[in-house]
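Same order as they appear, the protein sequences are chains A and B.
The numbering of the first sequence is the numbering used here, which starts it at 23 and goes up by one.
The numbering of the second sequence is the numbering used here, which starts it at 3 and goes up by one.
Keep in mind the hints are simulated off the structure, nothing from the lab.
Heads up, a few of these hints could be off.
Heads up, simulated DSS-like pairs for lysine-lysine below, C-alpha to C-alpha not over 25 Å straight-line [unchecked claim]:
#, chain 1, residue 1, chain 2, residue 2
1, B, Lys355, A, Lys109
2, A, Lys295, A, Lys246
3, A, Lys463, A, Lys481
4, B, Lys379, A, Lys109
5, B, Lys376, A, Lys109
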Amino acid sequence: MSDSATWTHEGFEMVVGLEVHVELATETKLFSGSPNRFGDDPNTNIDPVSLGLPGALPVLNRQAVELAMRIGLALNCTVQACTFARKNYFYPDMPKAYQISQYDRPLNIDGHLEIADGIVIGIERAHLEEDTGKSTHIGGSGRIHGSEGSLIDFNRAGVPLVEIVSRPDLRTPEQARQYVNELRAILVEIGASDARMEEGSMRVDANVSVRRPGEEFGTRCEIKNVNSVRSLGRAIDYEARRQVALISDGEVIQQETRHWDESDGRTHTLRTKEDADDYRYFPDPDLVPLDPGAEWINTVRSQLPMLPAARRIRLAEVTGQAADSEAIATVVERRQDDYVVAVVEIGGGAERVLVHVKEAFSEQGSKPSVPATDLAALVAMEVAGELTSTQTKTLLGDLVEQGGGDPKSMAAARGFEAMDTSELDGFVNDAIAADPDAWAKFCAGDGKAMGALVGHVMKASRGQADGKAVTAILNARKG
Amino acid sequence: MSTFQSARSIAASVSTGESSSVDVVSQHLARIEEREEEVHAFNLVLRNEALQSAERIDERIAAGEQVGPLAGVPIALKDNLCTRGIPTTCSSNILNGWRPPYDATVVSRLADAGAVFVGKTNLDEFAMGSSTENSAFGPTRNPLDTSRVPGGSSGGSAAAVAAGFSAMSLGSDTGGSIRQPAALCGVVGVKPTYGAVSRLGLIAFASSLDQIGPFTHDVADAALLLECMAGHDPGDSTSIPHPFPSLSESLDRGVAGLRIGRIVDLPSGADADVAASVDRAFEVLADAGADIIDVTIPAFTYGLTAYYLIAPAEASSNLARYDGVRFGSRVETADTNSMYMATRGEGFGPEVKRRIMLGTYALSAGYYDAYYGKALKVRRLMAQDFATAYESVDALVTPASPSVAFPFGSKTSDPLAMYLCDTYTIPSNLTGHPAMSVPFGAGENGLPIGVQVLAPAMGEPTMFAVAAELERSAGGNHV
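One chain only, chain A, in its complex shape (with noise of 0.2 Å):
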């Protein structure tokens, strides 16, 4: 698989357009009160308006409106007066056999992205919908052909869902991955969505074509079932090599949707476009046009917390690493870097502060136990050269495992006092003398013995020993 930044394939470049679904984490769902919660016992959080019964009316939920506006506004968009429209099909665990979607006239258009590398991706649309129930096929393969039978749970039927609609803009595998990766730290960051893919309050949907550089996009398919990002890199990849093959081979690709099989690692045909619906859109009647107003968005706006490539920038400036490192992508996905920049600002030691959140926080989530002030007071002994960082780890174990505590006597108790030299000297002597081979191939350059010297040290102090020191005595006695 093309992993980097560029992926071709017999003088072929894909193109790739990403829909994304994902659930709306409001109280309630979008056009009724029963309550929008995942895992209940199967048609409990049902309603007249769930089930779609004659004579049901849908009332639009505010606090779903809300949140689709804060996505729009955390992409870039315009947010825009709307309007709600039926989109129509059969199928049995859609209620109404009609979706209320928006069609001409959605929530949120014209935003952007940005991923790696100051890549822009274009954002056509998020707009509001409600997701469907949700068909358990009993025998057969477990797909609605050739089963025994079908249960449908309506809890999620009615749940808010916001589509997010890209431009065609991505080009690589890995650029897909980084864009459903920001987006995704994005809703969580806004309080829009949980927006796991595992279980389903984030789908992924690949718009895949190929095409020579500077020509015109080829015919896209729609691949489907896509359960996860690495999935989705694996997808793209295949769909879009398949598509070369077939072109290579003379043939002309077929606009259709396709599945993919995570277990053969291929895509298969699951509808053409003659099989495909037509959804009669039309404006729903039951519904009146929603126009949010400048007021309300301009509070929405106002509220939105920073967002995560803000964040990246803000710890770069605070720790002085690159605003693309691993250190800040990790501790900005766990949304730690608050707490980063807290300690901090209590104590300094920016880069150490980083390291050790990176290294030591990762059970921790975004409000980790140990207190700002202690890790600063740990940090704060580390650089004063007061702990090695042999010791600096093993009280930061101490710390996490504690959920917090004074290090200074944590360091007392331990028996943590910084050697002086004299000391450290003679641990010196007595490695020499215990490993004059070592010694020896260290004297005749050979730096891998000086691992084994350090080791003598360490096991001699008992781990108190300040590694960089006996390094730096080592290299003295060589001369």
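Once you have looked at the hints, place chain B on chain A.
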């Protein structure tokens, strides 16, 4: 002219204990017993339920409670209004066995006002028709001449009032389904301003056109009933979020100084007896001090065509939910698609199928702009033309139906002839304006003629003032 006791007088005597609700209900049930077999106004008579509610009302009155403005008034409900736990069929086999888990908003409001529900009335299947001949359960006969239709689609509700089975009834009007049967049965029928009465719990035919309205013996009863059921309902997004104006003061206002329009380019087609009655109505109104002013409404002529695209288009979507999956009838077959087809093929009657096909076609890719899209343009044009007319007049007067009640079978073989029954009523549904039919004069065989009064949105007070004046001069006002 009707000789039954008005709802006002029933409520007054029941409220004061002068007569018991049980006695009043029993009188109506006795009339049902006597003539229902011949008339077939009902799909279901709620004999026991009605007597039980009447007993409770009598108990409450004996205990000194205020029961409400409709205390003890027997009311019949069109069988497309949801009633909790009571079968609601739309006169269709496809809803066989379905009992709604909730009451329509109008049903609860009338119950709160002290009404007693005596039954669910027959209609053209899913309110599609103008004669009640399209009911899956057989036609309703006009109580004034049982060889003739009562009109439709609310034929059962019109007949119930005309036969004295109930003092009032509710119908729904999508293209004239209250006003035309009211005219044919010699009772008052009102289609309120769109959004004045909640549609929650009304089983939709065409959501942007449907309104629930009253059938009564006289204009004052219609004002009373409308006041009891109108007003904002947060459960219907298209409900007008303002208080509904009071109507009772309008009844004695007279028409002095009102400007009443005669549409000079009204489509032809009204029978001579109907046209003569409308001419006489203008004379009566002029004598009472109104200014009769000629206006033109060029788009009026196109109303029927636009309606028969918009209404079926919405219906094709609204009726898609009858798929056999969650409620109503289901024909078991080997797979889902054949189950849909068999269930819908057997469950729907021919007129419903015709309109679903019309509407599906009108919304199809490639035809939308030519049909549905163009119909929406006519609808906007219609609104503009009426707005222009209402710059110079306060109300308009036209025929309600082109003819008096017609014999069974005379239009069933020609759908277009049947559709023409709605020529004069449809424009008010397209504009959302209020309109009502008031008995005024008699035609062929002494059968009643209805004159239609139209007014701008929320213009019910003016409309009722004009209708009350016509009723007074026809000698019909009940005491």
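Hints versus structure:
For the given pair, B:Lys355 sits about 20 Å from A:Lys109 by alpha-carbon distance, which is consistent with the 25 Å threshold. For the suggested pair A:Lys295 and A:Lys246, the alpha carbons sit about 15 Å apart, so the restraint of at most 25 Å is met. Between A:Lys463 and A:Lys481 the CA atoms are separated by roughly 20 Å; this keeps the pair inside 25 Å, and the hint holds. The hinted pair formed by B:Lys379 and A:Lys109 meets the criterion: a straight-line CA distance of about 22 Å does not exceed 25 Å.
Under the criterion of a C-alpha separation no larger than 25 Å, the hint pairing B:Lys376 with A:Lys109 is consistent with the structure, at around 20 Å.
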